[in-house]
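Residue numbers (the working numbering), protein chains in the order written: chain A, 1 to 431; chain B, 1001 to 1269.
Hints listed in this document are in silico derivations from the structure and should not be mistaken for laboratory results. Each hint can be trusted.
Below 30 Å or equal to it, Euclidean Cα-Cα: the simulated DSS-like pairs (lysine-lysine) are:
1) K1097(B) / K278(A)
2) K360(A) / K1237(B)
3) K1237(B) / K1205(B)
4) K278(A) / K1152(B)
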Amino acid sequence: MMRYRIIIGLVLILLAEVAVVQAEDVASEEKADNSIFSKLPPIEIHGFYESRGGYRLRKDKYEKDMSIMEDRLQLDLSSYPDWGDLKVKGDVIADWVTERGDFDLREANIFVSPLDFLDLKVGRQALTWGTGDLIFINDLFPKDWQSFFIGRDNEYLKAPSDALKASFFGDSANLDFVYTPQFDPDRHIDGTRLSYWNSNLGRLAGEDAVIHTNKPNRWFRDSEFAARLYKNIENYEFALYGYRGYWKSPSGQDDSMSQAIFPDLNVYGASVRGAIGKGIGNIEVGYYESADDLSGKNPLVDNSQMRYLAGYTQEIAQDFTAGVQYYLEQMQDFSQYKNSLISGPARDKDRHLITLRLTKLLMNQNLRCSFFTYYSPSDKDVYMRPNVNYKIDDNTALEFGANIFFGDYPNTFFGQLQNNTNVYAGMRYTF
Amino acid sequence: MKQVLTVILVLALSLPMVAAGENGASKEVPDVETIVNKANIVAYYQGKDGKAKVTMTITSKQDQKRQRKFNILRKDTEDGGDQKYFVYFQKPADVRKMVFMVHKHADPDKDDDRWLYLPALDLVKRIAAGDKRTSFVGSDFLYEDVSGRSLKEDTHELIRTTDELFVVKNTPKKPDTVEFSYYNVSIDRKTYVPMKMEFYDQENKLYRVIESTKVEMIQKIPTVVKSVVSDLKTGSKTEMEFADVKYDIDLEDIFQERYLRRPPREVTR
Chain A
1 MMRYRIIIGL
11 VLILLAEVAV
21 VQAEDVASEE
31 KADNSIFSKL
41 PPIEIHGFYE
51 SRGGYRLRKD
61 KYEKDMSIME
71 DRLQLDLSSY
81 PDWGDLKVKG
91 DVIADWVTER
101 GDFDLREANI
111 FVSPLDFLDL
121 KVGRQALTWG
131 TGDLIFINDL
141 FPKDWQSFFI
151 GRDNEYLKAP
161 SDALKASFFG
171 DSANLDFVYT
181 PQFDPDRHID
191 GTRLSYWNSN
201 LGRLAGEDAV
211 IHTNKPNRWF
221 RDSEFAARLY
231 KNIENYEFAL
241 YGYRGYWKSP
251 SGQDDSMSQA
261 IFPDLNVYGA
271 SVRGAIGKGI
281 GNIEVGYYES
291 ADDLSGKNPL
301 VDNSQMRYLA
311 GYTQEIAQDF
321 TAGVQYYLEQ
331 MQDFSQYKNS
341 LISGPARDKD
351 RHLITLRLTK
361 LLMNQNLRCS
371 FFTYYSPSDK
381 DVYMRPNVNY
391 KIDDNTALEF
401 GANIFFGDYP
411 NTFFGQLQNN
421 TNVYAGMRYT
431 F
Chain B
1001 MKQVLTVILV
1011 LALSLPMVAA
1021 GENGASKEVP
1031 DVETIVNKAN
1041 IVAYYQGKDG
1051 KAKVTMTITS
1061 KQDQKRQRKF
1071 NILRKDTEDG
1081 GDQKYFVYFQ
1091 KPADVRKMVF
1101 MVHKHADPDK
1111 DDDRWLYLPA
1121 LDLVKRIAAG
1131 DKRTSFVGSD
1141 FLYEDVSGRS
1151 LKEDTHELIR
1161 TTDELFVVKN
1171 TPKKPDTVEF
1181 SYYNVSIDRK
1191 TYVPMKMEFY
1201 DQENKLYRVI
1211 ESTKVEMIQK
1221 IPTVVKSVVS
1231 DLKTGSKTEM
1241 EFADVKYDID
1251 LEDIFQERYL
1261 RRPPREVTR
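When you get a sec, could you build the whole thing from the sequences and use the hints?
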């Protein structure tokens, strides 16, 4: 399988080179004659090469000391014929932690605008909406939490979706509709790279207890639907959201408790974002309806939730921005949950989370220092993401950062990741 | 006797000059508000909309060069009033395809609305209105140099008139919000193009100069196609060149989220 993916990657690179040659030919032939090649628009090729390495700062008996060690070549091909946009973007990766090569196709899509009021984007694509900063309520597109916690670039927090996005633009409002024919789950924590709290074992676990999942994977039957209705009124952005699909990360177990599952999930939400005083404020809410356990009695399926978010960002000095967010996750039918709990410490009814982001630009904006922290007063855990990025020149950047976890308890969201605390460094050449 | 002669001589020589000066003033020198209003329109509001390809070259004191390339679209809501900007980055490579959009408000009490689109994440980000005296994309140009400083922020005084230029001194009404104590703008008398801006610090020392080094007529509109800003304190300078400038391109209202996510052909090509 892996070898097969690498071959695809190499073929892609080869195709790109052929395309470059063609594009050059086009340039030279264009004036000479109207050959068939002159009808092909040129293909733009860009990308980057990156080396990144990091280590755990604490001994983790379930994982390797090396948290990240990889070389990555990203190629980004785009072309703009008259009728639409074409894009292919993929990463060839040499991963020295898993000791494997890999190919990650990030995007492969076609964009067309067949009608004045309609845009269509079909294929593999990155999808984002919602107002949170590293907190997601109504954005139910797949995330790559593993990449996020081991110190890959922020871009990798978004896992690609294989979807059709239709956008309708009207005078009174706009509508986005996303259809994902086969469920795209998060790239979630499964024990292979990060140790985690295993409630069945009642202890931390990692490579010794990799999570096996049973995910809905039938094409056109196990599908996801996501919609957003939005409108901008005097630059206040209002939106309503709806989602029908599955919990994106494992949120339950099968009856034998041997496999993690992705139960049915419906989400209904709303958000508003706009200027408040000198800064930008946002509010977002969502109701997570756990459709396989509406009463909350089933201990093997997560209960429904209400999720609330309020945030504010402001420039507090020149090239220095601060953002704060408050987030609340409220379990519904909490008494049913407590009564039916099988084992392990019970979760709290309410999970409170506060985030702080500080970003300072220095040295003519070539040095960016940023610090993002999650702190949960209810879970009593902390996750800090310091990061320093320096652009040596227009193509080369150096980056240092860390993922630091603290917690009073081993089973909370960030507390369970304590032994994964890591530092990393990377160098990227962009072209 | 000698003194009387001198007085007569001085009077004789100066009278015609005074007369000439008065004639000139009544016919050719408009009041300062008219001058700054015209110069503001010429510098930032030509045509009802427009586009250009911009190259910025930042050269540090150590002669290290960095380059920014972006395509820019502009549409005016009204001359001298609100405007919308759409900036599509092409260089450096790490910000390629990033879009920066501004709904600029001429009212100094109302902050501009700004958005950033990050294509790798498909993320439409709202950016808090920032200090307009902050560097634009790491260059020596400030946001205010690029999109214009509201005339209402300063008091204006015509301090010199030469054959070619009006020199206007601009003093901020809120001095604690800016880093300069005042700046002088030399405005071409014929075209009203601002040819030079000189910024003075709190010690009245010149520390920053912006010069229009190349002006061309494009669609009969005098257009600055090359300008240079020099920071005399850091020794850094930035050259900004405009290519493919076009006015009145009948731009639709592309200054909205739809086009952040999929920039119009006017900028991607």
